[in-house]
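Just so you know, the sequences run in chain order A and B.
Residues 108 to 561, numbered by our numbering, are exactly what the first sequence covers, in order.
Residues 108 to 561, numbered by our numbering, are exactly what the second sequence covers, in order.
These aren't lab readings, by the way, just hints derived from the structure by calculation.
You may find that some hints are simply not true.
What the hints assert, rightly or not - Derived coverage of chain B by chain A (criterion: at least 3 residues anywhere in the stretch with Cβ under 8 angstroms from a Cβ of chain A; other residues may be distant): (1) 330 to 342; (2) 349 to 361; (3) 466 to 473.
Note that the structure is predicted; figures quoted are calculated from it, not measured.
Built from N, CA and C at the ideal position, the CB exists for glycine as well.
Here's the letter readout for the chains.
There are 2 protein chains.
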Amino acid sequence: MRNEQIQILIVSLKRLLRRGATRQLINIINKTHMADLSIVFKELSSLNREKLFQLISDPEQIGILFSKLDESIFLEFVKTVEFEQLVVIFDHMPSDDAAELLGLLEEELSDRILAKMQKEESDNVEQLMSYGDDTAGSLMVTDFIALEEDVTAKQVIESLQNKYLDVEMPFYIYVIDDYGNLVGVSSLRQLVVVHPDKPLKEFMATDLVSVKTYTDREEVARLVSRYDYLAVPVVDDDNRILGIVTVDDVIDILHEAATEDMLKMAGVGDEYVETQTIIKGTRIRLPWLFASCLGGVAAFFIIGGFEDSLVKFTGLAAFIPVIMGMGGNIGTQSSTIVVRGIAMGRINIQDFSKVVSKELAVGLILGVTYGTFIGLVAKFAYAGEPFSWALSVSVGLAILVSMSVAALVGSAVPLIFERLHIDPAVATGPFVTTSIDIVSVYCYFMIAKLLLGL
Amino acid sequence: MRNEQIQILIVSLKRLLRRGATRQLINIINKTHMADLSIVFKELSSLNREKLFQLISDPEQIGILFSKLDESIFLEFVKTVEFEQLVVIFDHMPSDDAAELLGLLEEELSDRILAKMQKEESDNVEQLMSYGDDTAGSLMVTDFIALEEDVTAKQVIESLQNKYLDVEMPFYIYVIDDYGNLVGVSSLRQLVVVHPDKPLKEFMATDLVSVKTYTDREEVARLVSRYDYLAVPVVDDDNRILGIVTVDDVIDILHEAATEDMLKMAGVGDEYVETQTIIKGTRIRLPWLFASCLGGVAAFFIIGGFEDSLVKFTGLAAFIPVIMGMGGNIGTQSSTIVVRGIAMGRINIQDFSKVVSKELAVGLILGVTYGTFIGLVAKFAYAGEPFSWALSVSVGLAILVSMSVAALVGSAVPLIFERLHIDPAVATGPFVTTSIDIVSVYCYFMIAKLLLGL
């Protein structure tokens, strides 16, 4: 459904909710994909939201809806569902979704639900919940197809029709040896093409890529995206297959990863904030702004230290914004390039000197360009004064220093953070802007003081 | 292959290239996925790059490599390949990749290649090239499976083994009626599960989502990601199926879309710049910085207009950085949230007043918080002076105004651009930072002048 269609759906649902037209509402719900309903819910008042949610009765559908909802709305709905019903819903969910959602609940509630779920299902889910949050293990589904090397194409198709009827993504058939080690892979497509009596070992591909349970999820996403896979097997340290990560989960990661980085760099948390309350949005943004506030206060004291120079020539103050702005902006450019390059796996720590020296070169060229331009503005603004050339050179030099330092700091800091295993997207923003502010202002006044003899 | 493994591969390749160990090099190439080689090429000197590339002989592999390479390296390699060989390579490529890559070549060369390609293949490619760059049409592959309603499961499997052997993604079987209209879809999985004699119309799903050739590619990506599809059919206005867009292309779009936004917001172009030359990187970044430079020059003239006030109290200058910094940073936060929300389809133009008023509320709360804090810093810094309270209130008020205006402008501007069909990610950055700089500085000096009687 397109966004326009969803807007129309929202309008009709609101009208029907006002009229209390339950039967029509149920009708619409049954015809609407839960992925679309999850968007609708964001736009409804919490009262309407609850009313509409009460009308969904199929536990499997509710499970799909839960996995698509924003965290806050999911938690709101969970409260309104009876405990017995919750157990049924989680029993029907794919184990990876169940593990993720149960992880969002209070521990006491999730423990009670797990205790009541079907044993096999809850074992799977608990296993998944035991892997770290950002790992392949937490993402994988445990229903996959693994058969031994001697099984023939015909037998594989038969087992697809019986044993593996429930498998979510039956596109790859993984092949294991007598010790349970993953040795190859075949696809549904190959199966229908080869002679029915051929055993898997004769037509399977053996150059397969697998990940460990503890592989970082963004690494998994990169592999799937690089090789255009539909799924990637997850193995333990003995190369025994435990599950698979499917392309739909990878899409979600990729969809969110870059956005997260962007939000983190701006210091607004790591998820979408349009559905958050004003108070929560404020709280998330406060710390990042505090760093920039400290930088500003530091700049205040630096400028205070040059008060004598300012008294002699107040015009100096007028160039503060342009010097800080040019430094800040080129610094943001450099750090954006590097943060994103690291996240995409296109820049490594080994590239440090190459990346930083290139950014520095760009900073120098742009610094000379804009330094000259703004220096000339200064020259003409004070054309009649005897010190106009000295001022022009001071301002130009300050721009050059500010822009080159900013490019250097902006590109080096994310790489250093990455090296120290600190998330560059979170840490870079405040650190870079604050340090650039301080350095720019200090250098500007020092240069001006020296060249103008203030 | 992990990044560490690729680094090791690069080291050994460099060593073998130095030694001229052709046979070993060819051996490694044959065992390495072209997706990995494409990363290796980025790290080699252009001489080594060319040497290594010469050793790849299989046209199909070269085609895969071409589709994975950065644009600049692809264009470099194309020059070294003989024309006849180029034709063979493009003949072997999936038509969507061929269309995309031919679009990067000079028109004269791509026309010559198309003229020499196999008729059927070049017709497909030319058709694809005729759709707009960012549309579903330009993304789709034209080999898909479409069968009529009466075909039985068994017959479908037979035709997969004969007629459709070459189809890239045979996971969905599209069903058409006697007029060629798309009426349903079935999956390879269903086929092996149902009775062999059942016709498609009895087990196909009829609630299928399709897109038009002119649907925007990011819209396509959103649909595939929302419904967890592996492919989505592309139809013309008469609902006749022309091709499919597969999940691997969607991954690439999603992988790039958010990154593009991030780079565009920082004014560094819309693709990765690590592989660009210093000159090109500089040229791309120049215009965005020019906007911020103009803002700085405007701020210079504004402050110049308040020179009398500054002469009376030079301490005023020391607060310029913190006032501009706080405004600039909260403005960036607001615009990042809104730009990303628009791109993800989570914020619409209809939400204008809701989004903007919420950001304004956050701006006011944070403005009061930091205004109070920095106001108190001002009070204590000038504790002995009779005007210290007036200064404190001026600075605090200026922070409040600057931060609220910034939140307002930062959230409203991207929505206004979106409304005017201007890419918010490109236009927002320079516009928002420049206008916030100007407004902050002006309001600060006006408030100080009034309250301090300067």
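Practice prompt. Taking the numbered hints from earlier one at a time, note which ones the structure violates and give those numbers from smallest to largest.
Written response: No hint contradicted; all consistent.
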